[in-house]
Amino acid sequence: MAQIFRKSSNSFARASLAGVVIFFFGFWGVVYAVYRSPYTTNVNVPLAQPAPFSHQHHVAGLGLDCRYCHTTVEKSAFAGMPPTEICMTCHSQVWKDAPVLAPVRESLASGLPIEWNRVNQLPDFVFFNHSIHVQKGVGCSTCHGAVDQMPITWKAHSLYMRWCLDCHEAPQKFLRPRDQIFNVEWQAPPDQLERGRELIAAYHISTNRLQQLRDCSMCHR
Amino acid sequence: MKTPHTAPQLDLAAVRARLNGARGQQYWRSLDEIAETPEFKEMLQREFPNGASEWDDGVSRRSFLKMAAASLALAGLTACTKQPVRQILPYVKQPEELVPGEPLFYATSMQMGGYATGALATSREGHPIKVDGNPEHPGSLGASSVWMQASIMDLYDPDRSQAFVHNGEISTWADFLFELNQLTHDEEARQGAGLRFLTETITSPTLAAQFEALLKKFPQAKWHQFDSISRDNVREGTRLAFGEFVETQYRFDQAAVILSLESDFLYTHAQRLRYTRDFTDGRRVSAGRSDMNRLYVVESTPTVTGTMADHRFPLGSGEVENVARAIAQRLGAGENLGTETQNPRLEGWLSALVRDLESNRGKSIILAGEGQAPIVHALCHLLNDKLGNVGKTLFYTQPAEFRPANQLESLRELAEDIKTGAVETLFIFGGNPAYSAPVDFDFPAALSKVKRSIYVSTDLDETAALCAWHVPQAHYLESWGDGKSFDGTISLQQPLIEPLYGGKTAHEILGAIFQQQPIRDDYEVVREHWQAEKKWPDFDKGWRRAIHDGVVEGTGLPEKHVSLKTEAITGALGAERKSANDIEVVFRPDPSIWDGRFANNGWLQECARPVSKLTWDNAVIISPALAQRRQLATNDVVELELNGRKIRGPVWIQPGQAENTVTLHLGYGRERVGRVGRGVGFNAGLLRDSKSFWSGSGLQMTKLADHYPLVATQTHHNLQSPERQIYREGDLDQFRGDPQFVKRDVEAPPNDKTLYNTDEYKYEGYKWGMSIDLSTCIGCNACLLACNAENNIPVVGKEQVKKNREMYWIRIDTYYKGTLDNPEFSHMPVPCMHCEHAPCELVCPVEATVHDHEGLNLQIYNRCVGTRFCSNNCPYKVRRFNFLWYADYKTPSFKPMYNPDVTVRWRGVMEKCTYCIQRISRARITAEKENRRIGAGEIQTACQQACPANAIVFGDLNAPGSKVGGLKSHPLDYSMLGELNTRPRTTYLAKLRNRNSEIKESQTA
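Protein chains in written order, with my numbering: chain L, 1 to 221; chain E, 222 to 1226.
Hints listed in this document are in silico derivations from the structure and should not be mistaken for laboratory results.
All of these numbers come straight from a predicted model, not from anything done at the bench.
Some clues are possibly wrong.
To be verified - Residues from chain E that face chain L, not an exhaustive set, calculated with beta carbons under 7 Å:
| id | residue |
| --- | --- |
| 1 | ILE309 |
| 2 | LEU1079 |
| 3 | ILE1081 |
| 4 | GLU1149 |
| 5 | ARG1153 |
| 6 | ARG1154 |
| 7 | ILE1155 |
Unchecked claim - Not the full set, but computed from the structure, chain L residues with beta-carbon under 8 Å of chain E:
| id | residue |
| --- | --- |
| 8 | SER76 |
| 9 | ALA77 |
| 10 | PRO83 |
| 11 | GLN121 |
| 12 | GLU198 |
Note that the Cβ used here is the ideal one computed from N, Cα and C, for glycine as well.
Isolated chain E (complex conformation) (with noise of 0.2 Å):
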């Protein structure tokens, strides 16, 4: 290693002087930048770090200029290299509604945490290569989030489950029947009374019908569910506040102040992409509307849903508790709830808020985490009331899952059975509790005690290891079945592909068990269970459709009345919790990786985290304040220890984390994983026990001598300077005032004063443009997947991103502003411009990047030699050098994924965002075939299409009324590092919040 591992420690101490000493805005990255460190000074000037291009990957010069010579000697003979002879495999029967070389798609959904969410996937010649949301589903509106990107790389793991274990030898489906003929025999004959079965949430009503059957024919039987990112809380909330769990479903179109303690509505819920869809139509201004939306975030450690907010307070997970009590004594909820937050700073914050509640009366909304305590979830539920939201911008319906429960005491049960000898037969569908579940459980110890263990997973993880039998499971892209939304709309999930590795699915084993012969297959059941419930008046029909479709229109659930119980609320009200010196920790499914379920995603893997834009690690988060208490600096690794056990892990700074609070992610420190997620991170569910499941306190944390190398892209491609306005924002008050705020004080070159030629093109037919808003861009990444996706992105690896040479055509980067504990986060989806007078054309000097009649600034593959002089001439810093050969060529399951409309890249040639010249190819071609031009709306981009905010807009500019010529002249627009005169056609809205005059920065900071 050339690079050290640690920086010499950073002075946080002269980092704030710095910071309360600039004036004006003033956006930084990272605290290297601030303290202008000479790494960083240097990072911003060179492309690349010092050494990331050159050879140090083992071989010594000498050998390496050996190979060179050599290599240069037979350059000239690799060019007579006839093409090889390759053939062409028609079908033998060719389906019928299949054209090669023209894509199909079909509806489907994927299952996250229990909850559907509709799909639809995208196949060429009958294999699936990108999924995206399904525009007719409500939870969807066409919008993916990051894992429904990913899931496809999943589909095509190579480390994927291939076969039946059973007692660590490879068995066959038929093995597995024979076994559960006899078990089910065994268990006959007692009722089921040694039998169980442990999922995940189910929403799936056939699987619903199944259990249903299979605990009537097993009395004694039991069924337990266990989600490790379980709403628990959120569930015992509701009864707690109305005496049974009931579902919150929120309208975010419909609030005009929204307050979320802790919530991350934006990222993590299950309903995300339709909340973050309407959250962001309420921020969306223009000329005729100047409403926006307030959000106020109360969180522990910046999320998704917190950079977002216009107010955000951090504060401890713990004492979040004190804000919803303070805020119901101030409303008049009730009597001596607490009034003291035991925070000065906070009382003039929340007298603020609670001011423009009470003016927001029925258009509001107040919602709290699923890591806040029950009690919390409550006190929501008696504010909204209070407010008179409910049935305005909040309503109750039924829960959407299959027999809710509290999943920790479900498991604990379970947990304790296997102790006391009770379970005989255990089947565990998927959720890796070995892994997963609370350490205090012990449930290793106890699922290798259960003599009959049997696990249905996607992949030999740490719970397959311990189960007697191992049963493959298909991929949802190969399998039949269907489950619900969060609002409880039927969505029906239909297989692209016949199963790779011949998994089975839930429905299968469970019917397998009534022995009905023969053995019926997914389709069969899922059809049986709709057909029995007679849905429709012509089944066939309807069942067509509802597959055609891939949601059942009209099955979100109904309004549901409920009654509050103030008394049973209050009376539950414990001692007010005092704000406590000791460290808390708190539990965080990662952003990438989840539970540790995508923990062998490369894609997934490498994205940088949306806040820390960590990737490949997770970290131990900490606050800057308690950083410089305890003389803490960044790879430093430190030992927690939280009731008596201890893990150990690198530290990161992250700005905005409150004081007292160390966030750990889970999903990491995987021991049994395929090969991508082998040795990432450490496993952070060690500490993590049902007492503190969330969060806990009196976490106890020694520095040791060891330093970790973490890498974060959040210094990559440094723009900052303080004379350029790269990011511009304002206050709604200030657009409200002057529209027109933006173009102030810009400097906007005249188009003819440029040394271009600026006849060459003229744009006669279509002139592609996007515009990328910057007040709804929640920085979640589904841009950045699905252009991965799309573009058949190589993944590169830890060592690589270290270097910056990570691949990803768009970026986002965060910006922060103002103080290191509480500043304002500003994210900014950064692809190429597609310059008009495009620096980076000019000096190849291969003409391998050129521009086009349309307005494209390309970059032609099998011309590019690989000078790099384009990358060192662009000004936004968007082009990727592929170093090595990051494609995986090898890897026969992979093939199939990538996008056959798309070059598979090659090692030594730049690469960059095309805006999707497949698709506009596809489209123009279609549209010539018609004589027509390209309607409005025919082109979608990756990034927009994935879009959950609707950010990005892309279109013709030439088009009369285009959506995206219209942002154009919108007040907002700007051009980044406009004064260049590059003439960039994609532009940005600057950024707008909707602060509240009355809270002062000094009242946060």
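So here's chain L without its partners, still in its complex pose (with noise of 0.2 Å):
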């Protein structure tokens, strides 16, 4: 009986099974690759605002606290967003006319408020405090960045869950002392594992807490 299929065949299937091993690998890395993705993430995405506001200018620029205008950080769940009047206790004064500054002088003038781009925005079913953060040793640029080299905000990290567990797993790494927080030039010194582990027993972090940081009612309620 004369054979069906020619030797050639032979190859052929073999590159059929890897083409398919390829393509599935290939597939789900490309899905992966543009879940990881700025466009997807948004991370280092700057977001146009109704006014400019530049974070490089007035906290490298000016030196203004974090809290200078997000004022509920140490306080509540809230970081807080500067009522239209903080921005006019010094542009009442200084760039009084600029045209930037239109938007914040037309809210104080009808009372409505200025319409900001949410930079960083979790899902509802998340509930994030930032002052429990904030008291435990966690610094505002180990979420936000370097924001003060941001003309225009953008956000520095995916807030994915992995990347909130990786700190939940393992706090040593990214705590600092109290008085570093507001800090946002701290760079994490080079035994930081030795001094992240002190903090943790320092600020009542402990062993069996470790372990409670990873439960789901952490954060989902």
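Fit the two chains together into the complex; they arrive one by one in their own frames, and the hints show the way.
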């Protein structure tokens, strides 16, 4: 009986088998790449705002403390966005006629809020609390990045759950002394792991608490 | 409809036979259960009734498959959507005390039936999200009622009246003021001869002062008052007994024996929250204390109070007078009062009761309900006097209300004045009299005759439709005001939000009649009143303090000495009422929607009524004996005829109902009402005339061929099975003899005999637990409503409830024990048990339900894919699946109502009680920031906070000396279905009854 398949079919079959594997991994590889890319996460993508507020200018240039505007960061879940009046404490005196500040002046005149676009946002089923993080030694720049270098603010991290857990599982890698929380230029010392462990003890993040930091109930309610 | 409207007719005789044959403690929840109908058996074994999880909403199978295929194809893509950019809107000028993300609490007060109850409202970012009781208010003590909890939904009700209406057209406040100017001008000329005011009961000192001034300015004008759930009989009773209107203040904490003659003092009384607290405090036993009060109830229809009775005697409402007379005779309070109750079964019962009363002189209370004739109330005063209770378990005060009067007569006078044409201008402040007035007054017809009628109300209701002017009234959370609680304590009402739809208050309107320029707002009116009162030496300081506290301390009414007119009472006694065999009808406020004012409140409509567990309907409530006699079954439609008037309604058979009594709940069948209340129930008020205002005899009942599907949750989530002791109870004597009796014959498997990994969680930090006291739970539903408000629980509607899809996270199971005609009632609140060995956790394929280190059993909505395996595996049936888009995402006015600390759940996820995890988290974060442990009492779950009986205690089991820890070692503590070794964190204290050993069950059956 004559052979139905030619000999070259063998290599064709092998190539297709390999192709299926390559396609499978390739497809999911692309999906994963898109999932991690700034296209999806918005990481490092500057976001247009009604008034082009520059953290670089206000923080690095003028040396304003984070809490001057984000007043409730130590008290509440929400760090706080400055009411128009806070902007106007200075801008009623300086740059008071600057065209870029027109939305701010309009807001004060009309009594309607400025509609800032959210840079860092979490889904509604995640409940993040700023005050407890600040209290336990998580600095602003750990999550928000080098805000003092941002002329227009962008997101520094993906805020994916895996990223949250990186710290919740090993806080020693990220904790800093309380007096450095609002220092945006703070850099981790070479012996961070050791220092971090000391801070865990000093700030009463005890061993069983460490396990508890991974509980779903920490963030989901 | 796939499911038939009616089950095959139950054989009630067979049910009786089965109950008689039963031995020992046997509980049952429904007639179907005793009869062991196939429907019931299926319900017991299935989690949902047949077809409940199928798609039967009018889409064919074919088109469903098409849709399913399309959605499957698109499912992968939906995950690729990017999060849309959202906005942050900071304040322009931030209020000083407000911290975004943190709640603020304001003391205010809510009025119902005219009486104020102190409230503490929670505000988030400027909008109120929850109302609880004010712990400093003597009428609340921190507890709340279903109505207080649900009132937040009324505030955001999108169907509320939103504009001024003049002859059917939208108008304005300015136009209204113009009209007001004209009419005051007209009326001034004739001293207000054509001017009438109709209000509900008023206790507000400011409003009272305004009316005083107004009636002085217009000496010919008249002020009328009418409350459809009136306390006329109570008032007239005191007038009969003492010759004047006085108020009786009971001290249930001092009472050892209580006899209620149809008084639902735990649920419908104006002082219900305080009375519940005092009453239940007298029923709490511990290892060191084994005294309990004893409650006797004689009533026609089972009420919340009746279900708490140690001895309950079902008796027609009209025959209750005979009971009062017989007791009076036996106690020697008078002669020839009538000894015969014409009820041989009652005789033995009464003798035992009277002996109990006599041996507890000065420690008893006898009180009658609002539906009983004045003479019964007068007899109660006589009996209390005779038993030496006055000054001990009760005392008399001036009434807290402004100018108390017989309201029915007051309304009659108004209706007659209108008919004679004497009324030119009529102001109506709330109450919806066109719907709620007795039918024989023909008030709607009268109202449409009035030339200038002005109706001030929160709703565009039946009365608004007949009035020339409608003024939108501000909700109590939107307005300034004041009021008095039942004991006279002055309670201030402070708004939390500007009126959403420009509503006005009675203060503003009455102020405007004086043409004071500029028109003063409610704040100014109230403040000026209190300034003129000169209550505080430093007004500003005192006023601020009063607003902050919500109450003016020490303003409770002082005791008033009254002299009893015994001859007047005995002289007023008519002929003895013969026990008639005809059917009587009794009218009662609905336990949820009251007189119809809450008809558009979805939470209240859906909340299962305390005894019947009916939702979304009222019914013709009849006794099993009557049903048997007339061959009636639940859902049969009957025609009722009383004094020539007819209505139709579906039958509901209620065990424990007096044999010849038909109970009708008011408030349904509203014609002009928002989207929720439309088409719900039938209007029982169409039979209610001024002669049979609370009850009437000679009711004709005819069975029609129609059926109407009633929906009750009584058979839902049924756990019953003979070998399992789910509900445990005992007698006080049993407890005294053997405090540990509950723990006997209980299979308590050791912790290590388990397949669960017991080392996984050590619970070294906090260990949350709950204890629910079955002796004190009165089954009032306050916990359920509080949970709804706290946890953003959606309303699902009648069709969905019928499919067992109600969403409330805590349910109250009511068990019956004993005979059909006079069963004992037992309430059992069932939230998630938070098992240490949780069966639900093991079966979740996606780990959406997991444990945490504090012992909470978590439900992670964003992980849940809706397999419902967990729900299948839950022995307590406490998990609720969100079948459809139940949460209202669309209605804009509801958005500010949601608690921002709790996820609003979407379709396809499982949800359940979380032990108010958001409150735990908040307290934990606060404590962590201060480097301390969470203190005792820092966390209250919503249900615990609302409970007027303090029946629910939550806390940390690891904290030394914690209250809940103590209750876990209480001799009565037991776990529901403990033999499953699920180690639930929610445990119960078994119910104790304080039965009178002289009364045998056979005497009452």
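Kindly indicate which numbered hints from before are broken by the structure, ordering the numbers from low to high. Structure breaks hints 5, 6, 7 and 12.
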